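Enquirer: As a plain string of letters, each chain reads:
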Amino acid sequence: MISARNPMQPGGWGRALETTGAWLLALLWILPLAYAFWTAFHPPEFSTRFELLAPLTLQNFANAWAAAPFARYFINTMVLVALILAAQLVLCTLAAYAFARYNFFGRDVLFMLVLVQLMVMPDVLIVENYRSMAALDLTDTILAIGLPYMASAFGIFLLRQTFKTVPRELDDAARVEGASSLQVLWKVYVPLARPVYVAFGLVSVSHHWNNFLWPLIVTNSVNSRPLTVGLQVFSSTDQGIDWSIITAATLMTSGPLLVAFLLFQRQFVQSFMRAGIR
Amino acid sequence: MSAIRLHDVTKAWGTARAVDGVSFEAAAGGFAVLLGPSGCGKSTTLRLIAGLETVSAGRVLIGGTDVTELPPARRGIAMVFQSYALFPHLSVAENILFGLKVRGVPATERGERLRSTADLLGLSALLERKPSQLSGGQQQRVALGRAIIARAPVCLMDEPLSNLDAQLRHDMRREIRALQRKLGITMVYVTHDQTEAMSMADQVVLMNNGRIEQNATPAELYARPATAFAARFVGTPPMNVVSLPAITGEGLLLGLRPEHIRLGTEGVAATVATVEYLGADSIVACRVGETLLNARLPGRATFATGAAVRLAWDRDHTHLFNAADGRRVEPASAPATLAA
Amino acid sequence: MNRASAHIHGWLLLLPAAVLLAAFTHFPAFATLWHSFLSTPKGARPAVWVGLDNYQGMLEDPVFWQVLGNNLWFALGTIPASIALALLMAVWVNGKLAGRGFLRMAYFTPTVLPMIAVANIWLFFYTPTYGLLEQVTGTLGLPSHNWLGSQSTALACLIVVTIWKEAGFFMIFYLAALQSISPSLAEAAAIEGAGRWYYFRRVLFPLLMPTTLFVLVNAVINSFRLVDHIVVMTRGGPDNASALLLFYIYEVAFKYWDSAYASALTMVLLALLGAAALLQFAFLEKRTHYQ
Ligand SMILES: Nc1ncnc2c1ncn2[C@@H]1O[C@H](COP(=O)(O)OP(=O)(O)O)[C@@H](O)[C@H]1O
Ligand SMILES: [Mg+2]
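Taken in sequence, the protein lines are chains S, V and F.
Read in order, the letters of the first sequence correspond to residues 78 to 355 in the working numbering.
Read in order, the letters of the second sequence correspond to residues 2 to 341 in the working numbering.
Read in order, the letters of the third sequence correspond to residues 20 to 310 in the working numbering.
Do not rely on the hints blindly, as some may be mistaken.
Which chain S residues face chain F? A few, computed with CB under 7 Å, are given here [what the hints assert, rightly or not]:
1. 109
2. 113
3. 115
4. 309
5. 330
Straight-line alpha carbon distances no greater than 25 Å define the calculated SDA-like cross-link-like pairs of lysine to any residue that follow [said to hold, decoys possible]:
6. 131/V to 203/F
7. 61/F to 215/S
8. 264/S to 278/S
9. 115/F to 102/V
10. 102/V to 61/F
11. 102/V to 200/F
12. 115/F to 90/S
13. 102/V to 59/V
14. 131/V to 28/F
Hint data in this document are derived by calculation from the structure and do not stem from the laboratory.
Keep in mind the model is a prediction, meaning the values are calculated, not measured.
Ideal placement from N, C-alpha and C gives every residue a C-beta, glycine not left out.
Chain S with its partners taken away, still in its complex shape:
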């Protein structure tokens, strides 16, 4: 069977060459991760010795788990991610609906003001936001980590674009049936934007699971530290040089996201694409 041919695909030698190049780059790209896996799953004496028959072990994970309150960190991160996502979904939906379908005074100026956050992210306003959290007596709480991110300009922008593509007729039809504005939002706009919500949710969860600098600044106890900060505290203090345990801890913290990514690869990539096209 000969398949369809795209004339701009390489053929013959060029194709072999490009395939080789692509694979080499891919192997180079997963090399650090493969290295981490090797170290984490083998006893410390093999962490830099590569022997095919080196014994496999989960001891490094057990040691890491015992050496720091990772269970607590996991819980903190999950609460944080869920809190941020839930708040973002509600706030961004309402705001996007207003921007997409209401013609209110100052709308365009306000929209520009929202977009400012795409450039001036909370990530760089650490000094003043820390001052605010201190003033609100919120430092060292999960809420403090999440608050600056809850009104996401990116989410508002994304949903507004999506809502704008919803045909007016659908909106009108629902109103003729007697639905209120919020019912229309809930029954018409939200279901139609489902793929965008999934995309935004994945991007948001992976972003906040991975966020580090702001949580590092605003937390200082086990009770509120997310995984990333916990990992840093753990690996920079007592463990010193035991790489097997540090890599095990590292893989553990990225584990849930990594597993989710490997399982739902297509959805992840498509979501990032969808979120990126805007």
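Mind docking chains V and F with the ligands on chain S? Use the hints.
Expert: For chains V and F with the ligands alone, kept in the frame of chain S given last:
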């Protein structure tokens, strides 16, 4: 000028055969139309000629040369796509000149050819615009310009008019036909619109399910359809192909074009089912037993629904098809009772 | 719905988001400006107006200039390389190469991992004597080198990590753009005799220009925003050789507790990001041009 020949060409994706053993020849300097319903393999056939798909079996010859293994650029063809495939970031002039630049034609010659092509197509005032700043008809002309400037002996078009409105489509039909004659190009033109095919073609290749139903001139296709499918595909409204054993005997289908049926006082008894007034003429649907027959009458027909009428036609206008395989049967070998 | 109630509804829907945005984006931006004109309160001494003193101090601070320079090199080192790699990856993944599912996974994986975690892995990679890099160079007979501990290579090491982390992310944008380009353009070009490279140069690359600009702006922002790996790998050292602007702000604010100076530094960062914003707006027109 180059004739195009396909020898038993097959294209399969998995087990599905989009094109199945197709052979035909398009005469040099002629206008051949690939006609057929959507999904019958017209575009695939055209793309096989262009070299955009590779054949699963068979040979393709252009101007006597076997081009089956050649890439598109070396087949001496130009192509107009249904979507026009204009480069959105290039101006009209740059789009038209794209191929000449690739092939390294000197700038002075490029300028001259651009001028004459733009004049020919009435694009001279639009050369600096981007495709997004043009109307559909203008984009169509740019695509035509890109196809003819290279002076390739063969031009392939895949439903080039399907994105235009009815009036423009009508004008462009004539224009393309005139252009093809003037430049002496061998044209292979794909359409699913039988009016377009009949009005433009020297030769119609009617396809169905990846196979050729009939390869003939428009006049022949109209006058002597080779199969019941061909009979039903051509004409507005299409030919009545019905089973009336009382007239034809068993095992045959009767084909009658609506314009060949007369309503009068003699012939087969029928009742009027509906009357559709179209301005210049009217379509009267008549019921013979359980069978409906359309008749086309000039002017405004004034029959009441349910009125009893009689249908008559000439023996010369009778077509017969084998009920089993749909093939045409010559009336000479059939019962003599066919005129009514 | 009458007009007045449309205004009120609109405002009410917007209100919750607007309050949070104002509180944690607009207010802190202005507060930063205000505090950059005050002194840092020390013990019983409250903050006082010092005018441009903080900025004056900044101009005289050699570390500031070094950090700014580092950031410039960091941007120059990461942005073109990661964009070029992203484009290459996207073209490969979009094609019909063998195993493209695996290729896409391999390229994209670094994006979903926390920077803090990958920095740990790379830290190990760069470790003196034990690290994989040392082992490779050792086998090749090259002298031992403390990659992260030496002024000449620390920043380069961070650049490599950043390229590795970001290229796959940017690939996604190119991939989305490539998939929206009609295949008949490639066919039309092929019929005209254009080769692969000609098609890339004259058609694909210009058509991807809006994406490139978008990715460029994102890359510029990231080069000022991403400092997680510095905290893990070098802590800005040795001798500030690998410190970037935001990391320096972090140190000034939360290690030396000089919040006034940190505010002045933040203003510089905001100005740089504002410039990036202007860049994007200037090119936003171009983005819509083809559509
Ligand atoms: N790239 C392809 N892969 C698989 N099947 C295809 C492909 N291109 C066309 N086909 C199938 O081949 C048949 C003929 O398609 P096509 O030539 O486009 O029809 P037409 O142009 O007459 O409408 C259709 O059933 C279509 O689904
Ligand atoms: Mg077709």
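Enquirer: All the hints need checking, so say for each whether the structure fits it.
Expert: We went through each hint and held it up to the structure:
The interface hint given for residue 109/S holds, since its Cβ lies 5 Å from the closest Cβ of chain F, which is under the 7 Å cut-off. The closest approach between the C-beta of residue 113/S and any C-beta of chain F is roughly 5 Å, which is under the 7 Å cut-off, so the hint is satisfied. Contact between residue 115/S and chain F, as hinted, is not supported at the beta carbon level, the nearest pair being about 10 Å apart and thus beyond 7 Å. With a least beta-carbon distance of about 6 Å to chain F, the hint placing residue 309/S at the interface is held under the 7 Å criterion.
This hint holds: residue 330/S has a C-beta 6 Å from the nearest C-beta of chain F, less than the 7 Å allowed. Between residue 131/V and residue 203/F the alpha-carbon distance is near 18 Å, which keeps this suggested pair within the 25 Å criterion. Restraint check for residue 61/F and residue 215/S: the C-alpha separation of about 22 Å stays at or below 25 Å, so the hint holds. Our distance criterion of 25 Å between C-alpha atoms is met by residue 264/S and residue 278/S, whose separation comes to about 20 Å.
Proposed proximity of residue 115/F and residue 102/V is contradicted: the alpha carbons are some 28 Å apart, above 25 Å. Between residue 102/V and residue 61/F the alpha-carbon distance is near 72 Å, which puts this suggested pair outside the 25 Å criterion. Pair hint residue 102/V plus residue 200/F holds up; C-alpha atoms about 22 Å apart against a cutoff of 25 Å. At roughly 15 Å between alpha-carbon atoms, residue 115/F and residue 90/S fall within 25 Å of each other, so this suggested pair holds.
Distance check on the hinted pair: residue 102/V and residue 59/V sit about 34 Å apart at the alpha-carbon level, beyond 25 Å; violated. A hinted pair counts as satisfied when its Cα atoms are at most 25 Å apart, and residue 131/V with residue 28/F does not qualify at roughly 42 Å.
Hints 3, 9, 10, 13 and 14, counting from the list given before, are not met by this structure.
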